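Enquirer: Given chain A, put chains B and C in place with the hints provided.
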Amino acid sequence: MAEVTLTGVSKSFGIDVALDEVTMSIPDGSFVVLLGPTGAGKTTTLRLVSGLDVPDAGQITIGGRSMDGVTPAQRDVAMVFQQYSLYPHLSVRQNLAFPLKAPQLKMTPEEIAQKVGEVAEVLQISHKLDNKATALSGGEMQRVSIGRALVRSPSVYLMDEPLSSLDAKLRSDLRMELKRIQASSGATMLYVTHDQIEAMTMATHVGVLDRGRVVQFGSPREIYENPVSIYAASRLGQPRINLLPAGLFPGAPNGADKIGLRPEQIVQGEGEDSLVLRVEHLGDQTRLHLSFKDHDLITVTDAHTSLNTGDIVKIRPNNPFYFDVDGARLA
Amino acid sequence: MAQIRIENVRKEFGDFTAVQSSSFTIEDGEFFMLLGPSGCGKTTTLRMMAGLELPTSGQIYIDGEEVSQKPASQRDIAFVFQMFALYPHMNVGKNISYPLRCQGVSKSEVKRRVAEVARILAIEDILDRPVGGLSGGDRQRVALGRAIVREPKAFFMDEPLGALDAEFREHMSQELRALHDRMGATTVYVTHDQLEAMQMGDKIVVMNHGVVEQFGVPQAIYDWPATKFVAEFIGSPSMNFLNFHAMVGKGMTSVSLSGTEFTVPEMREGANGDLIFGIRPEHIHLDDASSYKGLVIATEYLGTTQIVTFETPNGALKARLASSESITVGSQIGLTFDQRTITIFVAETGRALLSAGNEGALRNG
Amino acid sequence: MSYSVTSPSVRTKWFAGILVVGYALITLMPLVWIIATGFKSPSDAISYPPKVTFEPTMEGYVNLFTTRTRVTEETLATVGEPTTWYERIVRAQGMVITGPSRYGERFMNSVIIGFGSTLLCMVLGTAAAYAFSRFRVPMKDDLLFFILSTRMMPPIAVAIPIFLMFRQLGLNDTYLGMILLYTAVNLSLSVWLLKGFIDEIPIEYEEAALIDGYTRFQAFYKVVLPQAATGIASTAIFCLIFAWNEYAFAVLLTSGNAQTAPPFIPTIIGVAGKDWPAVAAGATIFLMPVMVFTILLRKHLLRGITFGAVRK
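Protein chains in written order, with my numbering: chain A, 1 to 331; chain B, 1001 to 1365; chain C, 2001 to 2312.
Just so you know, the hints here were simulated from the structure itself, not pulled from any lab data. Wrong hints could be hidden among the right ones.
Unchecked claim - Derived EDC-like pairs (lysine to aspartate or glutamate); straight-line CA-CA distance at most 20 Å:
id	chain 1	residue 1	chain 2	residue 2
1	B	Lys1094	B	Glu1066
2	A	Lys101	A	Asp130
3	A	Lys169	B	Asp1128
4	A	Lys169	B	Asp1223
5	A	Lys179	B	Glu1311
6	C	Lys2051	C	Asp2275
7	A	Lys115	A	Asp167
8	A	Lys169	B	Glu1027
9	A	Lys169	B	Glu1124
10	A	Lys132	C	Glu2204
11	A	Lys169	B	Glu1196
12	A	Lys169	B	Glu1170
13	B	Lys1203	B	Glu1027
14	B	Lys1203	A	Glu225
15	B	Lys1094	B	Asp1063
16	A	Lys128	A	Asp53
17	C	Lys2013	C	Asp2044
Computed from a predicted structure; not experimentally measured.
So that you can see chain A by itself, here it is in the shape it has in the complex (with noise of 0.2 Å):
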């Protein structure tokens, strides 16, 4: 239980400026998404919260406490990686109590079977404990790695991607269990993510991050309907944003240069006429392929349309964004 903050942060390696001078203050019990493609510095923010890299400037707290010279053993923070965090040679048991027999926490045998039993419990792994952890299916290795950052109770988890080399149906599941674990112990959640659905649904906060910089912070509804960029507003919302010349239809506002129009924010049957350039069933919803004045716009419409290629559909904005030449939202 603690909150996190960052001030004034920066960090380079060589010279490759991967954090550039950044603050953000995460609640104490919140769950922040950090949310950005490759590159934007999502990781070296984790690394650096874990103590795993010290950053170049700027100031890190823990629950009130700086963390300048405070290596990652004494900061009560757990991380699950990516991939790689089982250690092969140990089995599923040993795994999860590895955490719990480091020295400085001078436990008993009792409490880490204990502790071990409690936690496999709650993940369900209860009959893979005895499994060398080589033998698990990919969804139950990262419910073990999970469980090693549970185990230990810190006040600050840390994930990095931890659910995507898993196929779609697991991490679904595992999205829901996270999120639910997280609720109920209260602890800090910093989770990274290239992936735009984790963000959405279990961030209490999303910091979305563009080259080492905070370009936005706040609730994913928040971003989603209120985004300070061209930049946000692509991160989340499938199919991605349009993103259209602003004069392209009435009503913009001066020194707009681009539209941006969600499917949501595009009324089907009103207005001017574009021309249906493809349909694309994907099951749960279906998206037209569109022609507007040369411009291509992809909306969505129901998952039985009667329409088909080359036919025309009228179009309307419908409270829509609008960004200047620089890509910021014009209020």
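Expert: Leaving out everything else, chains B and C in the frame of chain A:
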């Protein structure tokens, strides 16, 4: 350009049967997806079509010609592997022209065809570069170029995008599909990603444990799964399964779940015992008038839509609802189901019962 | 009809099998020859054309482990009847056993020096390889090249300076001297091999341990070492094989105290010049420890030899 026909093909490795007697037809010019979890036999099926493995029994026809026992080199097909297997000691142009030079095609012809392929793939400017410094996308394009340049009868691709990260993968899958639309060559594509299959495929074969579970166009497979496995494998979140015990008869148009009657497509066969009521998340609606209540357990915000998890008398249920609906965890809400796409499964076998809805879509074996 | 590109046809399998067996027979010939010679009598051993069938005798082995002296018939009569099988063999030649030979001592020297240097080499090599693999060592690439450069000339090229150094330091003909020497020669190869193995172990394992509250050394000891076991085992075999079989330095730098078996074996002299069966017996026994060691670690060694090929 060719039609590919698979008839009763079966493959055993020692005691292990990788593919059980399977039949389906890939029409000329189709983008055809082999979909299934790892170990389901999809790659083995592809490798048999390509001639990298020979079937234990059964026939494979490419363009009307029986090729079952012919090696890959005599089938005039191109295979794109998951890893971009480029020759590191050759530049881009040499990599693309390699298959032609192997066949002894004349120099001027090689030049013409490489230029043509480079134009299609928009990689004209990197033809002289070594492959070492290329980006992932360019490497993938060069690998494709090497397959295209031979102008084969068909392309076989084994998870060609599997190693790419999500964002780039989406981009490449669109590019691949667009390329296929331009060239019109028969393409067989193996993937375990249901979204990729739905997005790119003209037709899909869903396999599991070496058995073809279903075969058809994406929307039909999505709407009318032939088995519980297909229903679960395709769609995210997957189809909801509500358990009930009842007797359904031919011609019935409704079933009863814990006392509430739900209209279903007219049944074309009957069953008695443990059954499963299958309903897609987006076909669930809120209706306070409904006597069928669900307890809200969790909501997941997804932007346009949200996923709401309910606890019902017949099991957990996930619904995809508009984000504008405000729903509080812990409340009891009445539910109705869109009757157009309900499938009833037999619990024991997982097979879908025939109904007026799915009779056209249930092709398998 | 179960053709597959990944499993060869039956005919190919037979052909490959015959090739392998043929090759094995040819390469095993010298070994079989040495083992057989150990059981021949001295005259059988040098007969020409060589005898393929012969009456086996333990004479070579007995001669290897004993020193004997020829005595007159009268003296022979006074020492009484032979009580053991090996005394009987010696007596049959008209000789009596006067004591054990020095072979046992030399063999033990080989064990101490060979295994000692291998152990030291593994300790130093693993530590150095870990540092090169994990830490930001200044001029890492240059250092690694420099380390390897010690292998670029034949070690014997520096035999004279080493001999002089050893004499000054009093390391001549000592266990410590030989262990240090063999360790020095093997260390560069071990560092390179072990660095490759440690590079293969994802750093995330240690980082996980560090966050879990372990120190760097504990993480190394509990996480890296067990996973590097395969690499350490195969590297150890390479080191042992070199140290065990080394001949030139052993001849030059050892004589009485610390002499290893390789320079000793060819010096075994019988009554009429070289005692070939005893030499062969000595060689055969000398082969055993490395063979046993290798068989024990076979599983690891196979994996170790193919490393590089199995790296992602």
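Enquirer: All the hints need checking, so say for each whether the structure fits it.
Expert: Here's how the hints hold up against the structure:
1. Taking the CA atoms of Lys1094 of chain B and Glu1066 of chain B, the gap is near 33 Å; set against the 20 Å cutoff, the hint is violated.
2. For the suggested pair Lys101 of chain A and Asp130 of chain A, the alpha carbons sit about 17 Å apart, so the restraint of at most 20 Å is met.
3. Restraint check: the Cα-Cα separation between Lys169 of chain A and Asp1128 of chain B comes to about 44 Å, which exceeds 20 Å; the hinted pair is violated.
4. A distance of roughly 18 Å separates the Cα atoms of Lys169 of chain A and Asp1223 of chain B; the hinted pair therefore holds under the 20 Å criterion.
5. Annotation: proposed proximity of Lys179 of chain A to Glu1311 of chain B holds, straight-line Cα distance about 18 Å (limit 20 Å).
6. With a CA separation close to 17 Å, the supplied pair Lys2051 of chain C and Asp2275 of chain C stays within the 20 Å bound.
7. A threshold of 20 Å between alpha carbons decides the hint, and for Lys115 of chain A with Asp167 of chain A the separation of about 29 Å lies outside it, so the pair is violated.
8. At roughly 31 Å between alpha-carbon atoms, Lys169 of chain A and Glu1027 of chain B are farther apart than 20 Å, so this suggested pair is violated.
9. Taken as a hint, the Lys169 of chain A and Glu1124 of chain B pair is broken in the structure, with Cα atoms around 41 Å apart against an allowance of 20 Å.
10. Pair hint Lys132 of chain A plus Glu2204 of chain C holds up; C-alpha atoms about 19 Å apart against a cutoff of 20 Å.
11. For a cut-off of 20 Å, the pair hint linking Lys169 of chain A to Glu1196 of chain B stands: about 15 Å separates their Cα positions.
12. Under the criterion of a C-alpha separation no larger than 20 Å, the hint pairing Lys169 of chain A with Glu1170 of chain B is consistent with the structure, at around 19 Å.
13. Proximity of Lys1203 of chain B to Glu1027 of chain B is assessed by CA-CA distance (about 9 Å); at most 20 Å being required, the pair is judged to hold.
14. Distance restraint check for Lys1203 of chain B and Glu225 of chain A: the Cα-Cα separation of roughly 36 Å exceeds the 20 Å cut-off, and the hinted pair is therefore not satisfied.
15. Between Lys1094 of chain B and Asp1063 of chain B the CA atoms are separated by roughly 30 Å; this puts the pair beyond 20 Å, and the hint is violated.
16. At most 20 Å may separate the alpha-carbon atoms for a hinted pair to count; Lys128 of chain A and Asp53 of chain A exceed this at roughly 34 Å.
17. Using a Cα cut-off of 20 Å, the hinted pair Lys2013 of chain C and Asp2044 of chain C is violated, with the two alpha carbons roughly 41 Å apart.
In this structure, the hints that do not hold are numbers 1, 3, 7, 8, 9, 14, 15, 16 and 17, in rising order.
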